[in-house]
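Chemist: Chain B: place on chain A using the hints.
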Amino acid sequence: MSCSVEDLVSHITNYSSRKEYTLLNDFMNQHYQLLLKNQSLHDLILEALNVQRHSLGVLHIMAMKASCITSQSSLETVSQLMQQMTVFMSQCCQDQLNLARGCFANIFHHITHLLCERKIPIRGIKLMCLAIDTLQNGEPSSLTSVHADLCQLCLAAKCFKPALKYIDVEISKIDKECGMMTAFHLLSYYYYGGMVYTAMKRYDRALYFYEQAVTCPATMVSMIMTEAYKKYVLVSLILEGKLIPLPRYTSSVTTRWIKNYMTEYQELATEYCKGSATQLNALVSRHNITYTQDHNMGLVKQVAISLDKRNIQKLTKTFITLSLEDVVMRAHLNCNIEQLEKLLLKMIAEKEIFAGIDQQSKMVKFYDNPEQYNSCETLESIDKHVQNFMDIDNKIKEMNQAVMVNPLYLHKVKSSTSPHDEEFEAQLSQTASTSSSSAPRSSALLSKLNMFNK
Amino acid sequence: MMEVENGQKVEVATSMPVPGNSGSGSFIVKLHPLVVMNISDHWTRLKAQNDAPQKVYGALIGKQDGRVMEVMNSFELLYTKDEDGNVIVDTEYFYVKEEQFKQVFKDIDFHGWYSTGGEISDLDVKVHNQICSIIENPIFFKLDPNAASNSQNISVYESVIDIEEGNAITRLLPLNYTLTTEEAERIGIDHVARATNTESENVSSASEHLRSQHSSIMMLYTRIRFILGYLQSVRDGELPCDHEMLRSVHALCRRLPVLGGDGLTSELHDEYNDITLMLYLGVMNKGSQTMNQFINKFNLLHDRHVRRSSRKMTVVSRKYKKPGLKRGDTKVGRTEKM
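Line order of the protein sequences matches chains A and B. So the mapping is simple: the numbering used here equals the position in the first sequence, first residue as 1, plus 2. So the mapping is simple: the numbering used here equals the position in the second sequence, first residue as 1, plus 7.
Be careful, since some hints might not be right.
Below, in silico cross-link-like pairs of lysine to any residue (SDA-like), each with a Cα-Cα straight-line distance of 20 angstroms or less [what the hints assert, rightly or not]:
id, chain 1, residue 1, chain 2, residue 2
1, A, LYS397, B, LYS293
2, A, LYS397, B, LEU308
3, A, LYS386, B, ASN292
4, B, LYS293, A, GLU400
5, A, LYS386, B, TYR279
6, B, LYS70, B, GLU189
7, A, LYS397, B, ASN292
Derived DEER-like restraints, expressed as beta-carbon distance ranges [stated by the list, open to error]:
id, chain 1, residue 1, chain 2, residue 2, range
8, B, ARG74, A, ASP370, 33 to 39 angstroms
9, B, ALA258, A, CYS161, 55 to 61 angstroms
10, B, HIS309, A, LYS303, 42 to 48 angstroms
11, A, LYS319, B, LEU275, 29 to 35 angstroms
12, B, ARG242, A, GLY300, 54 to 60 angstroms
13, A, ARG125, B, LEU284, 44 to 50 angstroms
14, B, GLU126, A, ASP385, 55 to 61 angstroms
The hints are simulated quantities; they were obtained by calculation from the structure and are not laboratory data. Keep in mind that this is a model prediction, so the values were computed, not measured. Backbone N, C-alpha and C define an ideal beta-carbon position, used for all residues, glycine too.
Here chain A stands alone, though its shape is the one from the complex (with noise of 0.2 angstroms):
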């Protein structure tokens, strides 16, 4: 097979006219390693086609020439690909994209990998929301594998806003990617935009995030999860102050795995229950190699200053006056007093304690939350809330039909003695199931689906 220009662009023309695109697309799979070696080609190639006819052939044209960019090609050659990267994505055909997602989200990893070599994410932000616009295709809740290299940019250039736009919205459908789409974007997306949320400093957002990466159904631990598991550990300690535990559906691997491994994470959870900073620092240096290590020392940091805020709040529940000198004893605090009068001007302007400051006795006075929860904010908030929980709900009705009408389902349900119900009922009644005994739910159940059908 000949691969000179007109030939290429003949066979693309063709399959395209006649809108034969899974042939086209098989096409080009095989050809990949002939097209690959000639790099030359690729640009005349792509001279000749038009995007929005040819979309397919060109998407394929343009993965091979992103494969080929390597870390000693110059810059020159990055931006001119991420160029015309945008351009294909403002004229491309949803229809042709659709065969070849993987491909398509492909050229964006190729794309992060080399900005971040460079040292430049910056630029590839609004490429990759360009991307993963194209890729939603309308429906902002479905996570693409361009999610996970716009957080890795947003988080190597140090600028957040335009990830949070994506991972605001909660995710209810994975976008296969003509199967290229793995566990690993997956846990990326997660490990990533909780660092975001880290570093915008939401940790409840952030403790979710960390969270859904850690209790991925898992036969094996990957590294992601295993540094997923270790900012939980911490930013589970700002947040709530105690570590939570992780639900039950965590795999066991994980668990286990937790558990013989993250001593120096674990332990540093159980001192700052106890709730002593000296020691919580006595620790912190000890491991001090460790953490430091894991690039997590910042938020470790960010720990003990926390524990000294707890011991701090915790007083406002004993006393309602108090002199700083006694502030400074009582929380444990081994700072003098204008530290610690600066750190309490902090906090109340943080809103995270309401006091005041009588410079003149010394005292601190400690208020109680001046929040009433009866203005128009908190009305607008428990609307909100009620408002998602609707839309929610409305997903899991649907996810319900879908499961309803589900042909395995159907099987399963009228087979009367099911694998599954024969041990649920046995466990039940501990005597030996009956067909009789499931047949009547079965029954019930297919009533139901009666109703539905018609």
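Modeler: Okay, now just chain B, sitting in the frame of chain A:
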């Protein structure tokens, strides 16, 4: 407490209770409409069974808080008639019933008794004395089924011991009462009342009433918006300025009571937020139920073995999932389907 009222000496037989004035009495009685409903039902039932109106007797239960007595519910009493026609209340039956009620409603006590009929009679006083032996200071509630207007058919009395001519007798003095109810009770009673009167309606008049209120408020709102729109366009210069119209709008505004004080807004928001929170709770409940059904189906579909210790399930969202299904929950889910 027998006073010679208004210069009149009330000529009564010794055993006749004093109608007297409807004075303050020592109690304030709050009556729930459920009690009235129960008594009328009792009377109607017996009348239908025996083809003639009968005098019925029953006990009143409720809560007492100092001087305020709230009568919430009632039940019927067994009685026997002896040779003289005196009515003897069956105390044993009463005690059994009281104990049963106490099991369900712990903080509601027995406070009095009721009967039907017109004026107070000797018979009533005798029965009252019997009740006095069970509980001190009972109140007596009399419903007149034949009374024409609404206000005259319910009377509440309390008893006082009077010394007259050397004998201690009980007198029954009328008390004032007010009707009190909760929204739920009101709708329920309305529903029942409607059902007995007109067979077709399914909706209680209370909820209808609220609905009509809502629609009238919506109408008012749209009309005010309309006027507001007019004023805005006049201000923007789109419509010509009509002084007569403006004068009438101004007069309308003047007629509004002065609302919008801070206290009112905060209280309104308080209540509004509380109700919205309850709505949220209700929505959460429904969502949990949907989730439960879905998880059961999912487990069945994917042949997940249900073990005591752990369950695997898809996580849709951490915030809204049930915190780990336990054995009992799945059972509930299954029985639901049945």
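Chemist: Need the list of violated hint numbers for this structure, in ascending order.
Modeler: Every hint satisfied by this model.
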